[in-house]
Structure formats: C-alpha cells, structure tokens
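Asks: Starting from the given sequences, assemble the full structure and let the hints guide the process.
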Amino acid sequence: MAIMNELPNAPGDRKPEYLGPALIAGGVAGVLTAVPFLSCLCCLWIIGGAVLGARLLSRKTDANLTAGDGAITGALTGIAAAVVVTFLFELTPLGRISTDFFLKVIERWAATSGQTIPQIQDLKQLQTRTGFSLPGMVIDLLLSSAAFALLGVLGGVIGVSLFGRKRPPVFPQPPQGPSDATT
Amino acid sequence: MDTPATHLIPPAPGPEGRRAVGLLYGLTLAGTLAWLGAIFLAPFLKSRSADTAAAFLYAFFAPLCHQLPARSFAFCGYPLAVCARCLGIYAGFLAGLVLYPSVRGFARLAVPSGRLFLLLSLPIGLDYAGGFVGAWASPMGVRLATGLLWGSLLPFYFLTGLGELALRRAARKGRPARPGAGADKGLVDSGRKNV
Numbered sequence: 000m001a002i003m004n005e006l007p008n009a010p011g012d013r014k015p016e017y018l019g020p021a022l023i024a025g026g027v028a029g030v031l032t033a034v035p036f037l038s039c040l041c042c043l044w045i046i047g048g049a050v051l052g053a054r055l056l057s058r059k060t061d062a063n064l065t066a067g068d069g070a071i072t073g074a075l076t077g078i079a080a081a082v083v084v085t086f087l088f089e090l091t092p093l094g095r096i097s098t099d100f101f102l103k104v105i106e107r108w109a110a111t112s113g114q115t116i117p118q119i120q121d122l123k124q125l126q127t128r129t130g131f132s133l134p135g136m137v138i139d140l141l142l143s144s145a146a147f148a149l150l151g152v153l154g155g156v157i158g159v160s161l162f163g164r165k166r167p168p169v170f171p172q173p174p175q176g177p178s179d180a181t182t
Numbered sequence: 000m001d002t003p004a005t006h007l008i009p010p011a012p013g014p015e016g017r018r019a020v021g022l023l024y025g026l027t028l029a030g031t032l033a034w035l036g037a038i039f040l041a042p043f044l045k046s047r048s049a050d051t052a053a054a055f056l057y058a059f060f061a062p063l064c065h066q067l068p069a070r071s072f073a074f075c076g077y078p079l080a081v082c083a084r085c086l087g088i089y090a091g092f093l094a095g096l097v098l099y100p101s102v103r104g105f106a107r108l109a110v111p112s113g114r115l116f117l118l119l120s121l122p123i124g125l126d127y128a129g130g131f132v133g134a135w136a137s138p139m140g141v142r143l144a145t146g147l148l149w150g151s152l153l154p155f156y157f158l159t160g161l162g163e164l165a166l167r168r169a170a171r172k173g174r175p176a177r178p179g180a181g182a183d184k185g186l187v188d189s190g191r192k193n194v
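As they're listed, the protein sequences go chains A and B. Read in order, the letters of the first sequence correspond to residues 0 to 182 in numbering that gives the first Met the number 0. Read in order, the letters of the second sequence correspond to residues 0 to 194 in numbering that gives the first Met the number 0.
Treat the hints with caution; some may be incorrect.
Stretches of chain B that chain A covers, calculated by requiring three or more beta carbons in the stretch to come under 8 Å of a beta carbon on chain A [as the list claims (entries may be wrong)]:
no. : stretch
1   : 18 to 28
2   : 53 to 63
3   : 102 to 111
Simulated from the structure, these hints should not be mistaken for lab results. Heads up, the beta-carbon is just placed ideally off N, CA and C, and yes, glycines get one too.
Replies: Listed below in structure tokens is the structure:
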C-alpha cells in the first residue's frame, strides 16, 4: 500500500489542487503589476505569474500536468492578480503614485524631446482618480478579472509545457511465482 | 525538456472533439478581432469627441499596458490604447491564429516545444532587458516586431489549453461523470509536445 501511495498518479486519476499555487502566484503578479516602474512590463507580469503558478502546481503534484491543468491554474492566477491589483489601486495610495509616476515620465519625455503632447491634459483627466467608488471598483474588478484570466491561461499552459513534465509512471511488477522449470 | 511523453499520447480527438476545438477557434478569432478593434477604436472615438466611450476603452487596457504615448503608435491623432510592444503581441496572436489551421489543424492538440518557445522569446526578452537597464532605447518598429514574433506563438498554447478543457467537458457529457473520463477516451492528449 505504501508503494502505491508513492507512485505518480495516472493522468486520469488525480485532480490537482489548483487554488493554492494560483493564489500565491496571483499575489506576486498582482503586486508587481501595481508597483510603479516595474509595471512597465505590462501584461507580461500576469503571464509570468501564471507560469509561476504552473511551476508551483508542478512541484505540488506528482503526476504529469496537462495543458488543461495549466489553463485552469493560469486563469485562477489571473483572477487572483486582478483582485490584488484592484485592491492596491483603489484602497491604497499606490494607484495615485503609479499614475503620477507615469505622468511625470510622459512630461519629462516631452520636455527632453522638445515635443508637445496635446493629449497630456486628457490623460491627466482620464487617469486621475477622484476617490473611492464601490461600483467603479466592482467594474474594474470584473474587467480586470476577465482580461487577466485570459492572459493567465496563456501563462499557465506555457508553464505546464516548461515545467509540467514528470517521469513516466512506473507501475510495480506483479510478484514472480516459481517458474515451471523448478517444478 | 523536449522528451516526448509517449505514455500521454492517445488517439486524436474524434469528430465531436474536432468540432469543439473548431468552435473554440472561431470564438478566439472573433474575440481577438474585437480586442484589436477596441485598441484602434479608442483613439478613433477620442478624435470624434466621444470622450466617455474613449475613456472607457483606454481604462479597460490601462491595467494591461503603461499606455505611454511616447511608446505607442498614433491613430487619428491620438495614441492607441496599448503600446507598440503590446500591439505587436496582440497582432502576432492574430497572425498565429490565422496560421493555426494550416500549421496544426483541429485534429490534434499539442503545445510547441520548449526550445521553440525560448527561441522566439529571446528577441522580446533582450529588447526589453536592454531598455530596462538603459543599454539602448529600441525604436517602436523593433518593439512591434519582437512582440509580433512572440505573439505569433501564443495561440498554440491558448487553444491547446482551452481546447483540452473543452474536450474534457465533451467527454464528461458523453459518459457518466468520473474524474479523468476523457483520458482513456482519447480526448485529452495535450500533455504532449510537438517536438
């Protein structure tokens, strides 16, 4: 019995626990997405976070992971990241700091390059938050969750393709009985 | 990394499975066209003074992209809703989708090899890393091109992942619920790689 428990599971006989790795990876990706300057990596943090989620899932699971496992983990990672980003942007000063940071970058670039950016006032109006709004936060959360989940699917499948392969399961040989030659 | 896992290669999906993957492909193609359309629609609406609708679209893409005007192509006098690199990734995704039926077809699901992924990730990774450390500031055309190259590989992961889930669902509908029912029915074969 002990030998059977140590064996990798066959693909159809296990259901990996997706949530734990997805929450950890989503938290990391969400924070990195929200931090000014680091956030210039755009959507790649979400894809990278989902790759991390697949990696964590792979370490927790003995069986070979399939692309579907990666897709589920990645989608959950994306949703977790969306929750973290929305929380950080709406309920902490990080959103304001991030917006100010990018507006300063734009203004500095415009000043050094001698170009004028007529849209900068529009951007200020667009990106300046006027305060906490629960409906706005819910809409942000829903839209971000949908977009991040799709990006997470990509990252999860990429992660499984890179880290999901395990050794083929080795099944125990039945005990050998006495051969006919000895009888 | 590229050792084929022969123990996971079952028969190809049947007609029902191919239909499910084809439907998924159509939905993904429509969604990608809408996604790219929204990127161009934002500046177009802005130029037509439809500020609220434009603001909504810009805000939708804001968590996904820094949207710096200096690093974005302009359309109708206003920056696109995403930067040049992101535009390249999404346009590359569309290009990969268009190529998908002739490259892979709907009869099998498999992810690209790790080597191919790393090879196509190298240009965008180097371009980003060089810009990040201040070694160079690549022009927008280079950002677009590296994003395009990398993005073209992504549909092969996206469709494989979601395709396998669709096949699992089809397998569950076809027989009494049992964990892994699709595996022995030849419906879940995306654990393998295309070496």
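Asks: If a hint holds in the structure, say so; if it does not, say that too.
Replies: These are the hints, each one checked on the structure:
| no. | hint | verdict |
| --- | --- | --- |
| 1 | 18 to 28 | violated (count 0) |
| 2 | 53 to 63 | holds (count 7) |
| 3 | 102 to 111 | holds (count 3) |
In this structure, the one hint that does not hold is number 1.
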